[in-house]
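Q: Listed here are the chains, written in short residue letters.
2 protein chains.
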Amino acid sequence: MTAPFAFALLKTDGAARRGEIVTPHGRVQTPAFMPVGTQATVKGLTPDIVRATGAAIVLGNTYHLMLRPGAERIAALGGLHAFMHWPLPILTDSGGFQVMSLSQLRKLDENGVVFRSHLDGAMVELSPERAIEIQALLGADIAMQLDECLRLPAGPTEIRRAMELSLRWAERSKRAFEGRARAGYALFGIVQGGDDISMRCESARELTAMDFEGYAIGGLAVGEPQAVMLKIVEETAPRLPAERPRYLMGVGTPHDLLEAVARGIDMFDCVLPTRNGRHGMAFTRHGAINLANARHAADPRPLDEQSAHPAARSYSRAYLHHLVKANEMLGAVLLSTVNLAYYQELMAGMRAAIEAGRFGDFRAATIAGWGRADIPAL
Amino acid sequence: MTAPFAFALLKTDGAARRGEIVTPHGRVQTPAFMPVGTQATVKGLTPDIVRATGAAIVLGNTYHLMLRPGAERIAALGGLHAFMHWPLPILTDSGGFQVMSLSQLRKLDENGVVFRSHLDGAMVELSPERAIEIQALLGADIAMQLDECLRLPAGPTEIRRAMELSLRWAERSKRAFEGRARAGYALFGIVQGGDDISMRCESARELTAMDFEGYAIGGLAVGEPQAVMLKIVEETAPRLPAERPRYLMGVGTPHDLLEAVARGIDMFDCVLPTRNGRHGMAFTRHGAINLANARHAADPRPLDEQSAHPAARSYSRAYLHHLVKANEMLGAVLLSTVNLAYYQELMAGMRAAIEAGRFGDFRAATIAGWGRADIPAL
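Residue numbers (this note's numbering), protein chains in the order written: chain L, 1 to 378; chain C, 1 to 378.
Take the hints with a grain of salt, since some may be wrong.
Remember, identical chains collapse to one label, so a pair may be satisfied in a single copy or spanning two.
[What the hints assert, rightly or not] In the EDC-like style, the derived pairs of lysine to aspartate or glutamate whose C-alpha atoms are separated by at most 20 Å in a straight line are:
{"no.": "1", "residue 1": "K43", "residue 2": "E328"}
{"no.": "2", "residue 1": "K174", "residue 2": "E164"}
{"no.": "3", "residue 1": "K11", "residue 2": "E355"}
{"no.": "4", "residue 1": "K325", "residue 2": "D120"}
{"no.": "5", "residue 1": "K325", "residue 2": "E72"}
{"no.": "6", "residue 1": "K107", "residue 2": "D120"}
{"no.": "7", "residue 1": "K174", "residue 2": "E110"}
{"no.": "8", "residue 1": "K107", "residue 2": "E158"}
If you are wondering where the hints come from, they were derived from the structure by calculation, not from laboratory data.
The task is simple: from the sequences and hints, build the whole structure.
A: What follows is the structure in structure tokens.
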């Protein structure tokens, strides 16, 4: 369990990359999608179900876990892998994004952030050093630096201030991480710079000079149009070192994933497959399907007869419609499962296409396939 | 899939019975516990998870299914087994109990009941003949007669009126069932008579003369003390034919099951393991455990290290406490699973003990074991 962290770039097809990440808890084939296990659980799903969708790594949220049950508590119970009974790799975010989106922020300065817990109103501090400490207590295979994530649109002065602060926090995060000497574990830096390409490039250059095990592009999927996001990805990704994994944080729809892989991204996380599953939406090769719609009430067809996952083949749309209308928990469970399985199938398809040098064809065929469902893919 | 319904009494130990039921969808070893799949789903659990707890038969609720999605809809989709993807036996109740407990009853007369749907206020009729028709549309392996179920306490005049009406409905149910000629499917009569032993005996005698494939004891677990329920079971069970299965409806706690098997009952259903699981309570060999209690917050022990089911062995009490406090769906899923697995383990233990002629010892040891947990077994 102490294989050093490594990334191998196995094949490229245009800007799209096929790789493999090695972590202390196992290997991850890239491009990879990481289901989100916010509070030490992918909502509603047992670890066995998550694994059976094809997921090889999950994401845990530092912000939620530091507040409840607490990082020291999880460490005392053997770390996050043991706590949530997930034996494969875990990436944790730094907590910064949720501090800024969920809590009542009290102070943000050079040192870090002070905020009120959304659970009990307690004042909590988070600094680059504390974020690293928490992620070490959790036992994350891949930790993320603390950064400041702005909402877009924002002005250039504000974007520069946050980008430069994030760079200084990156340096402190790296020092703190190296001070803990967790052999084989990795720390990723996060590119900031809002929607300003030149600031993104500056951030990427400075971070690369610090030599992280991997690089994330943060501060996207925060309200900007898809074209803006893709433009930034397209300009930023090639400025990151080819021999390190690239992670686009909090993204996205199936179409976002396809387009971001086409622009050189290796890793993703997003709540969409599970959150939308809880709200009655299925993602399939035929596009997104809103099961609450009455047109499905008598439809005996499964969501996707070609899926490799039994949940997409075994239950009729009529049954899933019934579960959604009756507000039955099993509807959320099955649709979250179907969605995660589809995301993994999409990633596996992209990996195979890159290996075969046919990524462009795969991308076109996949997008064409989405046209046949209830509503177009998001 | 058309084996005729049959029951074999394999062994007795005192009044406790070890038997086997044969249905068109498979065999059920008795004493048996049936998880409740109210709205065509055991709440929160996939059919695979339900099977893995050891369940060999589930119960469906006619009342809920007739209102949503409708019996004709389910029939058009291939019946309830196909609809909910449960290939093993299904018993359906007649709908009477829920009509009287959930809906706004508009009229109850010789013909049947008219009620307002709790979903949309629509006026709906249910007669003995319609209850049989619905259960045939659902494709239940075992159907139940329509009966009138009183709340206790009730006066003797009221108890007699409801008991006699239930007998006349039993006859009409049987005629309707035989008219449909579903080879191999079974219809059970239901003994009523409130807490009046002589009326219970009269009901049992009259029903036995009608020759049902099995007999239920209904109208219990509706608010009376356990001692009253057990007294009625003790007096009623031996007046039912030994060569037919005996089903105690809507019961109960682990202790209820143990005591009712000791008095000659073969089959049970109850929402308790799943409902209490959704509310943070675990049933184990150590008794019932309230996971919401802060004493579990740092407890690394699993719920039951001796359980045959991984869910009871794999997760710490601290993790389950966390899921319950964080109101995470997975808490409900895991505790429902653990509880159903414990109920099945308890039934399997009773079956083995009866086979070995050691039921009395098993009962005493099981009750003693419950003293060691958070709170005594209910």
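Q: All hints are to be evaluated individually against the structure, with a verdict given for each.
A: Each hint tested on the structure:
1. For a Cα distance limit of 20 Å, the shortest separation of K43 from E328 qualifies both inside one copy, at 15 Å, and across copies, at 7 Å.
2. Only within a single protomer do K174 and E164 lie at most 20 Å apart by alpha-carbon distance; the minimum there is 15 Å, versus 81 Å between protomers.
3. For a Cα distance limit of 20 Å, the shortest separation of K11 from E355 inside one copy, 6 Å, qualifies, whereas the shortest one across copies, 63 Å, does not.
4. For a Cα distance limit of 20 Å, the shortest separation of K325 from D120 across copies, 13 Å, qualifies, whereas the shortest one inside one copy, 34 Å, does not.
5. Taking the closest pair of Cα atoms, K325 and E72 come within 20 Å of each other only across two copies (18 Å); inside a single copy the shortest separation is 41 Å, beyond that limit.
6. Taking the shortest alpha-carbon separations for K107 and D120, only the intra-copy value of 18 Å comes in at or below 20 Å, while the best inter-copy value is 51 Å.
7. With identical chains, the CA atoms of K174 and E110 are at most 20 Å apart within one copy only, with a shortest distance of 16 Å there and 81 Å across copies.
8. Proximity of K107 to E158 under the C-alpha cut-off of 20 Å is restricted to the intra-copy arrangement: shortest distance 16 Å within a copy versus 70 Å between copies.
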